[in-house]
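Protein chains: 2
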Amino acid sequence: MKYFEDFAPGQVYALGTRRVTAEDIVAFATRYDPQPFHVDEAAAGASMFGGLVASGWHTSAIFMGLLAATIKRERWASLGAPGIDRCRWTQPVRPGDTLQGSIEVLETRPSRTRPFGLVRTRSRLTNQDGGQVLEIEGTGLYALTPQAGEAAPA
Amino acid sequence: MKYFEDFAPGQVYALGTRRVTAEDIVAFATRYDPQPFHVDEAAAGASMFGGLVASGWHTSAIFMGLLAATIKRERWASLGAPGIDRCRWTQPVRPGDTLQGSIEVLETRPSRTRPFGLVRTRSRLTNQDGGQVLEIEGTGLYALTPQAGEAAPA
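Chains as they are written, first to last, in the working numbering: chain A, 1 to 154; chain B, 1 to 154.
Chain A on its own, in the form it takes in the complex:
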């Protein structure tokens, strides 16, 4: 397991990649963000985007998918997050894009009142051309390293 104490400012972790299809874009947006430029090829072509683009919330959810897979694969002792401090959809995500994620540790501090630590991070998604499509700053909660005699979290 990777506990709170194992994180330090300056660390950067690769989160892997995910390819985005037109079907993905339309399926997410139909349910959660049915604005014309997310669900309708023709209307999107006539919009300022010039074609179908993913909802920013879809792009954010794809980032979360990559982070969750990393948490599981590398056994990070994540306890969730209270929210995010800043999120920018810096460039459109289009059908066929392959997005690559990374997360950088900015700051770590133990909670003053609760038995976990806070890890502040800046995360990015970039596309196959190196263009940044997403930047998120936020704070995650992580379990502390168990002391001798304590059980580790499941």
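Calculated from the structure, these hints are not laboratory results.
It is possible that part of the hints are untrue.
[As the list claims (entries may be wrong)] Facing chain B, according to a computed beta carbon distance under 7 Å, are these residues of chain A, among others:
#1 Y32
#2 D33
#3 P34
#4 W57
#5 A61
#6 M64
#7 G65
#8 G83
#9 I84
#10 C87
#11 R88
#12 W89
[As the list claims (entries may be wrong)] Cross-link-like lysine to any residue pairs, in silico, SDA-like; alpha carbons within 20 Å at most:
#13 B:K72 / B:R18
#14 B:K72 / A:G45
#15 A:K72 / B:M48
#16 A:K72 / B:A46
#17 B:K72 / A:F49
#18 B:K2 / A:S47
#19 A:K72 / B:G45
#20 A:K2 / A:R120
#21 A:K72 / B:A42
[As the list claims (entries may be wrong)] Covered stretches of chain B, as calculated for chain A (at least 3 residues, CB under 8 Å):
#22 32-39
#23 71-84
#24 87-93
Each residue gets a CB set at the ideal place from its N, CA and C atoms; glycine is no exception.
Take the given structure of chain A and dock chain B to it, following the hints.
Frame of chain A; chain B shown alone:
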């Protein structure tokens, strides 16, 4: 149509309601945030949440769905958004919750360089008990009122 000039600080708009089921929670999380407390009833029961809870990104996407429906129903001249400035998942969303949305205008200003206006807002989702589950601050882009002789946006 409701254009940039029609928004003013202090306005609050109701965004309607949406009921969240266990199936919704698991379906979203399976694809985008498969942490145990979002996808596995038994693991969620043993977690600090004491039961299945929605991914924060799912809660945010539900808010976007209510906003997008309002934009369409009330014909707001929305041009999308560059991101969000702050997002807090202030209380868990659980199966059976009915979430109610609202959006409050904090500030409006025309873009200095582009032909649209910026509307800064604070949005909230509350559950059927009045508990706030989501708070988001961000800025949306809205088309300007067409001048005489100009075509309105589609």
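*Measure nothing beyond the straight line between the CA atoms of K72 (chain B) and G45 (chain A); if it is 20 Å or shorter, mark the hint as holding.*
Within the cut-off at roughly 19 Å; holds.
*chain B contact restraint for D33 (chain A) - C-beta distance below 7 Å*: holds, 5 Å
*Hinted contact W57 (chain A) with chain B - closest CB pair below 7 Å*: holds, 5 Å
*Between K72 (chain A) and M48 (chain B), is the straight-line Cα distance small enough, at 20 Å or below?*
holds, 18 Å
*CA of K72 (chain A) to CA of A42 (chain B), is that 20 Å or under?*
The given pair, whose Cα atoms are some 17 Å apart, holds under the 20 Å limit.
_Hint status (Cβ of Y32 (chain A) to nearest Cβ of chain B, threshold 7 Å)_ = At about 4 Å, which falls below the 7 Å cut-off, the nearest Cβ of chain B leaves the hint on Y32 (chain A) intact, so it holds.
*Regarding the pair K2 (chain A) and R120 (chain A), is the alpha-carbon distance no greater than 20 Å?*
Since the Cα atoms of K2 (chain A) and R120 (chain A) sit roughly 16 Å apart, the hinted pair holds (cutoff 20 Å).
*When the least beta-carbon distance from P34 (chain A) to chain B is tested against 7 Å, hint result*: holds, 6 Å
*asked:* Would the hint on W89 (chain A) be counted as holding, given a Cβ-Cβ threshold of 7 Å to chain B?
replied: Holds, because the Cβ-Cβ distance from W89 (chain A) to chain B comes to roughly 5 Å (cut-off 7 Å).
*asked:* Quick check on G65 (chain A) please, does its C-beta sit within 7 Å of some C-beta on chain B?
replied: It holds, given that the least Cβ distance between G65 (chain A) and chain B is near 5 Å, below 7 Å.
_Using C-beta distances, would you say chain A covers the segment 32-39 of chain B, given that this needs three or more residues below 8 Å?_
holds (count 5)
_Closest C-beta approach of C87 (chain A) to chain B relative to 7 Å, hint status_ = For C87 (chain A), the interface hint holds, since the closest Cβ of chain B sits about 5 Å away, which is under 7 Å.
Against the hints set out earlier in the document, no violation occurs for any number.
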